[in-house]
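Sequences and hints are given; from them, build the entire structure.
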Amino acid sequence: MKFTTPAGTNPIDQLKVIGQPLDRIDGPLKTTGGARYAHEHHQEAPNAAYGYVVGAAIAKGRITSIDTSAASKAPGVLAIVTHENAGKLGKGKYNTAHLLAGPEVQHYHQAVAVVIAESFEQARAAASLVKPSYAKQQGAYDLDQAKAAAVEPEGQDNADSKTGNFERGFANAPVKLDATYTTPDQSHAMMEPYASVAVWEGDQLTVYTSNQMIDWGRQDLAKTLGIPAQNVRMVSPYIGGGFGGKLFLRAEAVLAALGARAAGRPVKVALQRSLIMNNTTHRPATIQRLRIGATREGRITAIAHESWSGDLPGGGPETAVNQTRLLYAGANRLTRMRLATLDLPEGNAMRAPGEAPGLMALEVAMDEMAEKLKMDPVTFRIINDTTVDPQKPDANSRNAASCSACVRAPTASPGKIATPCRPRSRMVAGWSAWAWRQPSATI
Numbered sequence: 007m008k009f010t011t012p013a014g015t016n017p018i019d020q021l022k023v024i025g026q027p028l029d030r031i032d033g034p035l036k037t038t039g040g041a042r043y044a045h046e047h048h049q050e051a052p053n054a055a056y057g058y059v060v061g062a063a064i065a066k067g068r069i070t071s072i073d074t075s076a077a078s079k080a081p082g083v084l085a086i087v088t089h090e091n092a093g094k095l096g097k098g099k100y101n102t103a104h105l106l107a108g109p110e111v112q113h114y115h116q117a118v119a120v121v122i123a124e125s126f127e128q129a130r131a132a133a134s135l136v137k138p139s140y141a142k143q144q145g146a147y148d149l150d151q152a153k154a155a156a157v158e159p160e161g162q163d164n165a166d167s168k169t170g171n172f173e174r175g176f177a178n179a180p181v182k183l184d185a186t187y188t189t190p191d192q193s194h195a196m197m198e199p200y201a202s203v204a205v206w207e208g209d210q211l212t213v214y215t216s217n218q219m220i221d222w223g224r225q226d227l228a229k230t231l232g233i234p235a236q237n238v239r240m241v242s243p244y245i246g247g248g249f250g251g252k253l254f255l256r257a258e259a260v261l262a263a264l265g266a267r268a269a270g271r272p273v274k275v276a277l278q279r280s281l282i283m284n285n286t287t288h289r290p291a292t293i294q295r296l297r298i299g300a301t302r303e304g305r306i307t308a309i310a311h312e313s314w315s316g317d318l319p320g321g322g323p324e325t326a327v328n329q330t331r332l333l334y335a336g337a338n339r340l341t342r343m344r345l346a347t348l349d350l351p352e353g354n355a356m357r358a359p360g361e362a363p364g365l366m367a368l369e370v371a372m373d374e375m376a377e378k379l380k381m382d383p384v385t386f387r388i389i390n391d392t393t394v395d396p397q398k399p400d401a402n403s404r405n406a407a408s409c410s411a412c413v414r415a416p417t418a419s420p421g422k423i424a425t426p427c428r429p430r431s432r433m434v435a436g437w438s439a440w441a442w443r444q445p446s447a448t449i
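Residue numbering for the sequence shown follows our numbering, starting at 7 and increasing by one per position.
FYI, nobody ran anything at the bench for these hints, they're computed from the structure. Any given hint could turn out to be false.
Derived pair list, reagent style DSSO-like, types lysine-lysine, alpha-carbon separation capped at 27 Å [claimed, not checked]:
#1 Lys94 / Lys137
#2 Lys229 / Lys66
#3 Lys153 / Lys182
#4 Lys380 / Lys182
Source: prediction; values computed, not measured.
Given below as structure tokens:
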């Protein structure tokens, strides 16, 4: 999105609605408890039964058998769905792993069964009686160990980017930084859990859910169940926290649909908290190497950002290098991503995917380079600000002239507190305040 022309007839450009102090039409409903979230569609799904998900107890392998005999006899149980009776299931376009395991188990806590019962408590009690047996397989779970076998990910946007000659530019730079940064796996934990209520009317399926991309979810649910997309309706008026984790179809929606079909009545499934971390998507860990070369006056002559991350087969990388392609000048540039195969839950979007870990590494490197240069870190950034695409300085201009103004603003504010340029040199309440100067941010 490039704002390079004046506002036209587009009402968003004219700021007639966006940016105005307008009341949200959903505000009163949310603040008074009148908003109905995914698990609360009681009127549309009367007499709904409850589903409880059983997650895989191994991280990789195969299900050799599932004993549901005791569970099926437990009080209130209406149905138990596993891969043995679910029918043929596909996999959505936006899903990396199958949402119901069997016989293959691709990751820990992948759903292996859902128990449907008259009450939540009965479903939970019966789920504890489901006894899967497994044949374990050796898996890969550590990014550092898998790093050497990582490969270039598919897709043009994930290809290496090169401008000038980074190796020569870096070798000739009088001041150099070569540092490695790591970020851990991070999981979603939004207030509203993943929840869905499924209602069948003949061959027509309606799912009340919490989903950020309704058509993606509708299409992938139809593909997973093997039914026409026009037979699926997905409703999501409110989302109690998504942050990218609810962009895609998840297991509870599929299991609610399968459970409702097996039980012959509406079924609601809320993924229990203990499963959310591993049954759904997460932000993959990264290993990032930043190299910056500059003149003694602080002008960057070479910059490289390389990142390693992991995902299941068929998955994609954590795009941590993308912002380095656009921020800060430098004639000699290199970005590179490598993807390792890991048998962890699916890696995918989580609040500023790629940017959150990538900007951390880039901006910490900029601070550390400023320290090497004995230069104020804000001044270092202003010197290397750019109003063009640094990868194509003669082809694609962009309106980024305000970047320098943004980083100057705090130092120009009345009553500002002067901060030294050396990291970790200011203490606040006994804590080191080392990141006060980091100017880039994600939204």
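Going down the list of hints, with the structure as the test:
1. Lys94 / Lys137: Roughly 22 Å separates the two Cα atoms, so the pair holds.
2. Lys229 / Lys66: Judged against 27 Å, a Cα distance of about 25 Å means the pair holds.
3. Lys153 / Lys182: At roughly 25 Å apart (the allowed maximum being 27 Å), Lys182 and Lys153 satisfy the hint.
4. Lys380 / Lys182: holds (13 Å)
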